[in-house]
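Two chains, two frames, a set of hints: combine them into the complex.
From first to last, the protein sequence lines stand for chains A and B.
The first sequence begins at 1 in our numbering and counts up one residue at a time.
The second sequence begins at 240 in our numbering and counts up one residue at a time.
Calculated directly from the structure, the hints in this document are not laboratory data.
Honestly, I wouldn't trust all of these hints.
[Said to hold, decoys possible] DSBU-like cross-link-like pairs, simulated, lysine-lysine; straight-line CA separation at most 35 Å:
| # | chain 1 | residue 1 | chain 2 | residue 2 |
| --- | --- | --- | --- | --- |
| 1 | B | Lys-446 | A | Lys-72 |
| 2 | B | Lys-487 | A | Lys-133 |
| 3 | A | Lys-142 | A | Lys-72 |
| 4 | A | Lys-142 | B | Lys-307 |
| 5 | B | Lys-487 | A | Lys-72 |
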Amino acid sequence: MSDVTRAEYCVVACAEAWRDGGEILASPMGLIPAVGARLARLTFAPDLLLTDGEATIVRPDGTAEGWLPYRKHLELVTGGRRHVMMGASQIDRYGNQNISCIGDWAQPTRQLLGVRGAPVNTLNNPTSYWIPKHSRRVFVEKVDMVCGVGYDHAAGARHHRIPRVVSDLGVFDFATPDHAMRLASLHPGVSVGQVREATGFDLVIPDEVPYTREPSEEELRLIREVLDPGTARAREVAA
Amino acid sequence: MGDKTMTAEEVVSRLRSGMTLGIGGWGSRRKPMALVRALLRSEVTDLTVVSYGGPDVGMLAAAGRIRKLVAAFVTLDSIPLEPHYRAARERGAFELTEIDEAMFMWGLRAAANRLPFLPVRAGIGSDVMRVNPGLRTVTSPYDDQETFVAMPALRLDAALVHVNRADRLGNGQYLGPDPYFDDLFCEAADTAYLSCEQIVDTAELTKASGPQTLLVGRHVVTGVVEAPGGAHFTSCAPDYGRDEAFQKRYASTPWPEFAARCLAGDERDYRAAVEEDV
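Isolated chain B (complex conformation) (with noise of 0.2 Å):
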C-alpha cells in the first residue's frame, strides 16, 4: 500500500493534451478547483470534459482548453448563467455533446460498470436526440417493448475531484450533505485523482464519522493532493461555503483581466489575490 500524496502540478503532469477529463462536484459546489487552476497553469489543452458544469468549465472554456464539453448544464448556482461559458458557447469556440443529467449519471454508471451503455427514460422526443445524432436507441426484449436512449459509458482518462478528508492511500471522505457523483467519476476513469482540505491518518477519518461518509475508494485513486481551500471559490461544506463575492468578481470581470490577476502565479499567489479589495 503505497503513499500516494502529490502535489497539484505532478497531478497535471501526468495528464495530456487531447485526453477525456471527468470532473467531479455540481454546478458551483465542491469543484476541484486547486487542480483546475494547476491545469490552467500547464499547457494541457485539446481537452474533452465530462461535468455536472460549473466554473471549472466556465475558466477552461474561457481559456481555450476545451475541445468537447460532455454536460447538462453549467451554472454558478447563486449566479444561474455561467458567463464566460455563454461567450465561449456563442462564439462557437468548442464541440458540446448535451445530454440530460440523468443520461449524464447512467452514463458514468455503464463506465464503472464496464458496460457499453445503459438503457434509461430519458431523451426519446427531446431534441437530446436532434444534437446527438450518434445516440443509439434499444427495445426491451421483454414484453413491455418498451424503446429507451442506449446510454454509452462515459469512460474517462482522467477524473480529477475534491473532498473534505483523506488519507495518504487514496481513501476519499466527504462531510458535507450530498457525495454528489465524485465516487462514479473515480470508477469510470482509469486514473483519478483526488485533492482535499487535509490529509489524515486512517483511524482519523472514522473517528467522528460513520464509514458511509468514505465515499472514494483508494483502490480507484492514482494520487492524492492536500489542497486546504482547494475548492474555493465553490463551496465545501461543511468547511467553508461559496464566497460569493469572489464568484460575483470571477463572473464579471472580463476573462482576461480575471486571467492575469488570479490565476498568473500560483496556489499562495491565487489566495493572496482572493483577499486583495476589489
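Isolated chain A (complex conformation) (with noise of 0.2 Å):
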C-alpha cells in the first residue's frame, strides 16, 4: 500500500487513542482526530461514543442517540468517561500544554484562545494530543502557560493520563521512568533525524523505533469513500 497518504497515517495513529476505550465519549479536536474517532467507532472500537460537534450524541449514519449540552459534558468529563484529543500550541517533555497565550501571561505577545477545560480534563479523563504541524515552535522545552498539565506538574494525580501526542510526523508516548516524552512510532517516509529537528527538548528515542502501522484495506476504503471523500485531511497534513 505504497499510495497512503502521511494523512492517512495520521487518522489511524489518532484512532488508535481510542482503541480497548469502552462505552466512552472519543472527544476528537481538529479533522484529522475527527476522521480518527468515527474510523475507530466503525471498526475497532464499535462502543464509543460520538457526538455531532453540537450537543448530540449520534451514531455514524446520524441518528441521535443522547443528549450532551455542555453542562453535562462537563459532568461526563468528570465522571471521566471520555477521551479527549485536544491541540496545542506549546507542548513541553512532560506533556504540559498551552492554548492560552504566548509570552508573559500578564500582558502576552500572542493571546491565544484561553485555556478552556484543558485543566479540568487532564485531571479527570486520558487526554491525548494532535499536532499538526511538528516544529520547535509547537514542541518546546517549557510552555509558557500551562494548561493541560503534564505529568511532572500532576504529582500523581488519581486519575491523571496522557495517553499519546501524534504529529504529522509521528507517535509519542510517555512510557519512560521519569514520563519524559518518547518517539513509539514514525510515519512511514520520516526519520528520526527529522523528528529530532523539528523538537525542541530531547526527545527519548528508543534503539528500535517501529513505523506507525498501515491502514487495512476496509480502513482505507472508510477514510477514502465514507469519512473524507472531499479529503479535507490533505489540507491539515498534506501527502
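Written out as C-alpha cells, the structure is:
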C-alpha cells in the first residue's frame, strides 16, 4: 500500500488512541482526529460515543442517541467517561500543554484561546494531543502557560493520564521512567533525524523505532469513500 | 405577579459602573447582543464581566468598558480567536481572572446555592493557580484526603441572557439544543435581565414544547425585553444561525470604524447597518 498518504497514517494513529476505550465519549478536536475517532467507531471500537459537534450524541449514520449539552459534557468529563484529543500551541517533554497565550501571561505577545477545559480534562479523563505541524515552535523546552497538566505537574493525580501525542511526523508517548516524551512510532517516510530536528527538547528515542501501522484495505476504503471523500485531511496534513 | 417587560434602555438604566456583570450564552452562541449593544450606547463602564466569552467580551473590551474579565476562553467559534479581545489583552487593557470552564461552572453553582465555594477537581497543577494567586485549595475531610480547588462563588450583581421565548412574567424558554448556563447565570445574580426573540402568553410556551424547555424561572428574573434578532450576529437556534458574513465583517473591521457604522444609533439603525453592502 505505497499510496497511503501521510494524512492517512495520521488518521490511523489518532484512531488508535480510542482502541480499548470501551463505552466512553471520543472527543476529537481537529479534522484528522475527528476522522480517526469515526474510523475507530466503525471498526475496532464500536462502543464509542460520538457527538455531532453540538449537543447531540449520534450514531455513525447520524441517528441521535443521546443529549450532551455543555453542562452534561462537563459532568461526563469529571465522571471520567471520555478520552479527549486536544490541540496544543505548545507542548513540552512532560506533556504540559498551552493554548492560552504566548509570552508573559500578564501581557502576552500573542493572546490565544484561553485555558478552556484543559485543566479539568487532564485531571479527570485521558487526554491525548494532535499536532498537525510538528516544529520547535510547538514542541518546546517549557510552555509559557500550563493549561493541560503534564506528568511533572500532576503529582500522581489519580485520574491523570496522557496516552499519546500524534503529530504529522510520528506518535509519541510517555512510557519512560520519569514520564519524559518518547518517540513511539514514525510515520513511514519520516526519519528519526527529522523528528529530532523539529523538536525543541531532547526526546527519548529507543534503539528500535517502529513505523506507524499500515491502514487495512477496509480502513482505507472507509477513510476515502465514507469519512472524508472530499480529502479535507490533505489540507491539515499535506501528502 | 407583575408584568416585567421593559426596553433594553431601561435594563441598562438599572446597571451601574463598577458592577459585576454575568453574560450568558457560549462563545458566539445565543449571546444577549441587543442588551450588550444597549450597554455600549450607555456610559456604564469599569465592569467586571463574567462570561464564556464571545463577541460580547470582544466589543466591551474594545470599547474600554471592562476593568476585569473572568473567563476560560474568548472565541467567535467559526473564527477561533476573537480579534478585538486579543488586541485588548495584548495591550494590557484590563485585568484577567483566567479559570477553567469547569471551575467557572462550579463558581456559578456555588453562587446559585449561596455557598462560598465548591470543591472542583480542576486547576491543580496548572498555571491557573499561578495566575490566580488568591485561589485557595481544600482537602477532603474523608479518608481519601485529596486536595481540590475551592472555587469561590461567582456572585453577580446582574446577569444578561437571551432565550427564544418568554412570557411577560419572566419565564424564559430555550428551543435550541443547548441551555448553556443561562439559568445558572440568573440564579447566581442579584438581578437578571432576560431578552427574548418573542414574548408570548404563558400558555403558549408549552403548546409545542415540553416544560423542560422552560429554562429560566420568573422568580430569578427582574426584567424581560422583547428583542427580535437580539442575539445577532451570534446564533439563536432554531430561530436563526450565526450571521457568518456579518461576523467576518465585525472581525475584520477596525473597532472605531465598526462602532461608528454599526453601534452609533439605536437597534433599528443597527439592523439597517447589517443590511448594508460591505
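Status of the hints after comparison with the structure:
For the suggested pair Lys-446/B and Lys-72/A, the alpha carbons sit about 27 Å apart, so the restraint of at most 35 Å is met. The hinted pair formed by Lys-487/B and Lys-133/A meets the criterion: a straight-line CA distance of about 26 Å does not exceed 35 Å. At most 35 Å may separate the alpha-carbon atoms for a hinted pair to count; Lys-142/A and Lys-72/A meet this at roughly 34 Å. As the CA atoms of Lys-142/A and Lys-307/B are separated by approximately 28 Å, the hinted pair is consistent with the 35 Å bound.
Taken as a hint, the Lys-487/B and Lys-72/A pair is honoured in the structure, with Cα atoms around 31 Å apart against an allowance of 35 Å.
Taken one by one, the earlier hints all hold for this structure without exception.
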